Structures are given as C-alpha cells and as structure tokens.
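Novice: Listed here are the chains, written in short residue letters.
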Amino acid sequence: MGATTEAELAERVAEADGPLWIRGGGTQGLCGDGAALEVVGLSGVEVYEPGALTLVTWAGTPLAEIEALLSGEGQRLAFEPMDHRGLSGAGGVPTIGGAVAANVSGPRRVQVGACRDHLLGVRYVDGIGQVIRNGGRVMKNVTGYDLVRLLAGSRGTLGVLSQVALKVLPRAEAEASVLIHGLNMAQAVQAMAAALGSPYEVSGAAFGNVSGERAMALRIEGFGDSVAYRASRLREMMGRFGEVALCDDAARSAAIWKDVRDVAPFHDAPGDVWCLSTRAGQAGDLAARLGARDLLLDWGGARIWALVAPGYDLRARAGAFDGHATLVRADAETMARLGRFHPRPAPLAAIEAGLRARFDPRGIFNPGLMG
Amino acid sequence: MQMPPPDRRVLSQKPQLVERLLQVLPADAVIHDPAETRVYECDALTAYTCPPMVAVLPASTQQVSDVLRICHEMAVPVVPRGSGTSLAGGALPTADCVVLSVARMNAVLETDYDSRFIRVEAGRTNLSVTGAVEKAGFFYAPDPSSQLACAIAGNIAMNSGGAHCLKYGVTTNNLMGVTMVLMDGQVVEIGGAHMDAAGLDLLGVICGSEGQLGVVTEATLRILPKPEGARPVLIGFDSSEVAGACVSDIIRAGVLPVAIEFMDRPCIRATEAFAHAGYPDCEALLIVEVEGSAAEIDDQLRRITDIAQRHAPVELRESGSAEESARIWLGRKSAFGAMGQINDYMCLDGTIPVNALSEMLRRIGEMSREFGLDVANVFHAGDGNMHPLILFDANKPGDLEWCEALGAEILKLCVDMGGCLTGEHGVGVEKRDLMLHQFSRADLQAQMAVKDVLDPAWLLNPAKVFPLALSADRMAVPVAAQ
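These protein sequence lines map, in sequence, to chains X and R.
The letter at position 177 of the first sequence is residue 177 when you use this note's numbering, and the numbering goes up by one with no holes.
If you count the second sequence from 1, you need to add 371 to reach this note's numbering.
Derived by calculation from the structure, the hints in this document are not laboratory data.
All values reported here derive from a predicted model rather than from experimental measurement.
Fair warning: there could be bad hints in the mix.
Only some residues are given here: those of chain R computed to face chain X with a beta carbon under 7 Å [unchecked claim]:
hint : residue
1    : N544
2    : D572
3    : G575
4    : V576
5    : P598
6    : I622
7    : D670
8    : P724
9    : L784
10   : M788
11   : C791
12   : L792
13   : V824
14   : A828
Where a beta carbon is used, it is the ideal one built from N, C-alpha and C, also for glycine.
Same shape as in the complex, but just chain X:
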C-alpha cells in the first residue's frame, strides 16, 4: 500500500485498521509487523532557493535526485547522510524522508551538526490521519514547540513524514585529507581531539581501515588556498603523533570519506555490526574493552562502529558508559534477543511512551520498533 500525495497518505493512515510498517527506500533492511505503507511515491522537490540555502521536498524523493539538483548549483546536504545498502545488504533507494526519520548523519557531523540540525520544517501525518505542520522553511524559527527535531530520528513512530524543509550549504571548492598511519587506539583518539580542538575547521576525523590500511584520517574542506593552508598547519601540528601523510587529491580524499560514511570496511566482513554514540574523549577506553573483531571510529571517536561475532552481546561487554549502543546488523534472532536500541532509563521511557500515545493513539506506527 502506498501514496503519491499527502492527502492519500493521510487517508491510508486514517482508514488503517491495524499496524502499519512505514517504508521509505527500505535501505536499512529492517522489517516489522504490519501492512507496509510505502512513502516513495510521494516524491519531488517543491521549492529550491539556492540564494536562501533552502530546499523543500516531499519525503519519498531519492537522495540521489536531491544531491544532483543541489550539485548543479554548487550546493549540498552538508550532513552527509550515509548509504546503508553496503552495510545492510538490502536493495532500495535511499530517500530524504528515510534519512530524516532515522536522523542519518555522516562524518561531517563533527563540524556542521547532524541531519536534525539542518532540518527547518516538517509536515507529517499523525496516528489518526491528520496532516500536521511544524517549523517552516526559514533558518531561525522558535515559534511554538520544536516538533521538527522530535520527529527527526523518531523512525516513523510519531508520524509519517510527508514533506521536509532543509537547510543546504555551499559545496566545498576543494578538499584534502591528512593521514597518520601506525597509531594505536588511544593515540588516535588523542590526535583526533587535538585536531578537532584546533581552529583549522576539521570536517571529518576517523580512525580505522580507511584508506586500504589502518590510519587516522582528518578532512579539511573549503576554498583551495584555505584548504592548502589548513592542511599544512595540521600536518605540522600532528607531527608529534607520528608520520603525517597528506592526500590532496580531492577524488582520493572523497573516496576515503565515502568509505567512512558508509562503513565500507564492514561491508563484506562477516559478523554483527553495532554503532555506539559516546563521549569522544572516552572512546579509546570504551573501544578497547568491546572485544570487537574490527572497529571504525568516526566523529573523533564520538561514534564507534564495531564488528563483532554473530550473536555477541556488546552492550553487556561495554558495561556502563556515557552514551548508547545500537545493533545495526544482525540476524532476526539476535535482533529480537538483544534489541536494536539501547534500553532507556525508566523515566525517559515513560515520557517517550506518553508522547507516542498522544501522537499515535492507536499505536499503529511501526509498533515495537523504538519501544
């Protein structure tokens, strides 16, 4: 069951008599109970104003279509949403609605913020089939409660996104990467903290198998001269951590960051995949005790991708830490046993359940997905 207009979408929800499984491009390979409600038919860009850095688009619009349109004007979605297909093995086409619903953000998160930080407004269908608007299409807006951010990352459990308004940014004229090989985990985390604490506007800081071999990588983007200047300063600054290599070939640098964004090192590696969100400065200790087969650190260590043996309970191994662990790839039995999302403290679980009960009083949206 699908919809090609917002009105149809609202109608499908209003007349539903049981659970709905809301699907964007389906690239995360998730499945759940309920009749599939496809949003991909609700597609197309409604408004694009390059001079105002704004894009308003229907939720089912393919990300590739949006990126091509923006690219034509020298702009981009700065939050760099990942393409899940390599990791999940699923087919489908990534959509903007899916990226927003799961708050999908890539390596540039450390500099420009997450998907939710670029979201200016939403339209969604609530659990009884009403179309609700929140936010708008302007950069600064504090009119009423901010349901925009609440909807971002709510994975369809509060409403079915029909339209999103996003802030776009200029595409960088040039980019380069600074690499250090041979660091251990603790050294890499320290080096990334030093780089991210510098004034050189690092737009990516990762550690792992990122360039065909294990390396700590930093990205710098901007106008050509500025990139050259900042890369050379970082190179000097990073010298105390190890031998520094500069990759100033933009295409090669872009390939490194696409690999980090899409967690490429784990694509063909057997095992379950977890994603941890944590305090950057403590990433070294945490990563070291996970017992993982392989690790990829992004966001200067604030995001840890871990490849582990099938069925392995990484949360139990991690113990208490500042943050949370999401099980991203596993078989159905493991997913059911360990749970996809980190258990919430009771008071927050109660608030979230209360919100779901108000936004979706019949409890029909993706039941059980988030709690």
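Got chain X sorted already, so can you dock chain R onto it with the hints?
Specialist: Just chain R now, with coordinates in the frame of chain X:
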C-alpha cells in the same frame, strides 16, 4: 494583554505554601513580602507587569525538585526565570504563581576539551560560559545581544540565537544534554556528552519550550575552538533592496560569513548620534564578518567585496585592524540602546526567507506610513531574522496599543511571506494570540500534547505560547483528576 484570573484557592494557601517552602529552602531564598516580590514583576518586556505571589531562589537541583514537588502537590503554578531578559514576556508572572529563579545556580561543573563540551548550572550567564573556556582557546557560540546578562536556562527555554548563528547555529544546535526537573519533582537526565539521542530526541523539543515542560538546572554545551581571527567589512547602499540582493548573492557565491547584519537609515542615524561609530549616512548598510587566518580572511573579504562592487555600494570599508573592527561593530551593538535613547520602542523578531528581504522592507515602509509610526530596521540578514523596531510614545494614551497593532500586522506579513512570528525571542505572552495565524488548531494541539505528557496539570509557565482559548480546557483540569 489578557491573563487568566488568579486562582483564589491558590492565593488563600499562601501562608501554608511559604511555610512548606521554608522547610526546604533557607529563609533568604523565599521571597514573599509584596514589597520584595515586585522585583520579579516583569522581564525585559516591561509593558506588562504582575508581581508573583512568591519568588524562590533555589541553589541546587535538589532544592528545585523540592520546590516543584511542593507546588505540584498544592497545585500552584510556577514561572521559571533565568535572568529575566526575555523580550517576549517569557518570564511574566501571574499573581498566583511562584517565580522560580535559577540565578543562584551558576557554577561550572565540568569542562572536557578533548570531548569539546562544558557542563554548567543553568543560571550561569551566556558570556561567562565562554569566559570559562576562552583561556583554553574555546568559546560557546550562541551570542544573543543580551549575552552579558542572559542565563543559559533562558537561552534553552527560548532556543536563543544571536548575530553569529549563520555559521554556528542557535542554542539547539549547541546543546548536548540537560538535567531537568519535571513539575512533579522528578529529576531526569536527557542527552549528555555524546552527540546524538538514544531514543526520541527529547532534548530537541525541550529546547525552545519556553519553560513549560520542566525546569532545566544543568546543561551540557558544545564548545568550539576559537577561530584564528575575524574581521568585518562595512558596505553602504543607497537602497535597502540593493542591500538585500547583495546578501543573497553573497550566500549563493559559496562564502559563508559568520554574520551578515543589516541596518536601515533610521537606525543608522540614531546609532550614529548615540555611538559615533563613523557610519556613512546612507539608506542601508551591511556588516559582513568572516573568520580564519589573515590570508583566509583576506581571500573571503575579497570575494565579498567583489560581489558588493557589482551592486554599486556607496561605501565599502574593510577593517584593517582590531580597532577598526570594533568601530564597525560598535554601532550595530549599540543599536538597541541608541533607539531607546530617542524613543520608546517595541522590538519585533519575525523571520522571512532571505530572498524576500527587499519586498518585506518595502511593505514595512508602507505599513509604517499607514500607521503613522516610524519603524527602524536592524537585523540578522543572513538568516532572514528581522528586528523591526517600532517607535512609539509610552506616555501617549493608546500609542502602545497602536504600536502593538502595527507589530501584529508586520508579524502576520512575515508568516504570509513564508516565514514565522519569532526567530529567536520566543512567543511568550507577546505573540501568543497570533499563533493561529501561523498554525492550524491541529498543529497547535500536537504541540500542546507534548505538554500534556510532561506537565499534565499545566502548571509550568501558564498562559504563554498558546492562545488562551485553546489551552483553557487543559488549564482548568483539577490536579487531582490527572
């Protein structure tokens, strides 16, 4: 401004309430003498005043929790207050309320430069957050004009912005976690030193909820490394339209300045007379600031001045030194004070799409003539956040109401142009009754549903944000029935 009538039952319980509050707070933290509660009768929207029944000054999260639990049990409304700098009446009391000021909670709890955050008590002032980290080369980015006085608690409540948010975002983009006390006294931790939400993004909806969902007592804030340097350029034009077009061209060219500020002639003249910043006498001027190393700044300013040249500027003054930069910013930073010297004024805060700037300025000019009230414009042009200042005479009967009527028309026009009623000041009481111009009833019901969950008795910061007619049912529900 219509406010709900005070609840006589609540007023009659004042002695018992004070007695209970004194059991959990020291005597100097419970203010109940009507001569002293008057201090809290208003915030920076001084046109409206109402002394609260009681004001309290807790010094810890535990004390805040105790106060809220007592007020919850006795069904007493609570108005949270940061530094009281709201321009929207966000901290305006009701006669039957307890004002809860977090002013005594201003400690730095933790700094972590490796993870780039600071955790502070929420009563700490905005500027002193930067003050605590600047020696290590960091700063806290959101910079509302009131940053010397305003508290982080209020910044979170209103999701405050500032001149530099074009590059760095507003409060919500720089807030990582909070400790918050719910109306029933329960303390919750939301977010923390990690970067994204574990479940629903509750932090996202708490930021900007105008103190209606809980009282934030501690905050984890993202801090950023200070840029190597920053320098502005001042560009004067002989028409506002051309200045607006120049803003759009700068943004399209791929340069992302940290700030693009706009002032029109009435504002330029007033600030010049007040601050003597040496501004040119022209129709409109832009202050565009960029950051980076000296060479990077030169490069970006060259790109910007190239664009500006195509719009035939009447003045183009690139700062060559820290003194010149300070002079360029001096006028802009004293604009509100300057206007206040010459007149009473009301400051609006609507936002419009950047490409609608010229049209909006033209329409404001027309409305100003129609109402016979002067309007000066000073605003954050890069993100379309307008601050029209309507000049009026507070001593002239009816002038405030007439000014408010013009303000309402201008804000409605912002919405009609594709923008919104408030970009960074918040709704408060000031714009409450205009909300149905921007939202449908269903849109507002969805927002109110969030409050139903976090503050079921609707006791926190009553009569703000939502039109009274819409929220009346909820506010009338007795607590025992929840």
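Novice: Each hint should be assessed against the structure and marked as holding or not.
Specialist: To see whether the hints hold, each was checked on the structure:
1. N544: Result: holds, 5 Å to nearest chain X Cβ.
2. D572: 5 Å, holds
3. G575: Check passed: Cβ of G575 (chain R) comes within 3 Å of chain X, closer than 7 Å.
4. V576: 4 Å, holds
5. P598: Cβ of P598 (chain R) sits 5 Å from chain X, so the hint holds.
6. I622: With a closest approach of 6 Å, the I622 (chain R) hint holds.
7. D670: Since chain X brings a Cβ to about 6 Å from D670 (chain R), closer than 7 Å, the hint holds.
8. P724: 5 Å, holds
9. L784: 14 Å, violated
10. M788: Violated. Min distance 9 Å.
11. C791: 4 Å, holds
12. L792: L792 (chain R) check passes; min Cβ-Cβ to chain X is 5 Å, inside 7 Å.
13. V824: 4 Å, holds
14. A828: 14 Å, violated
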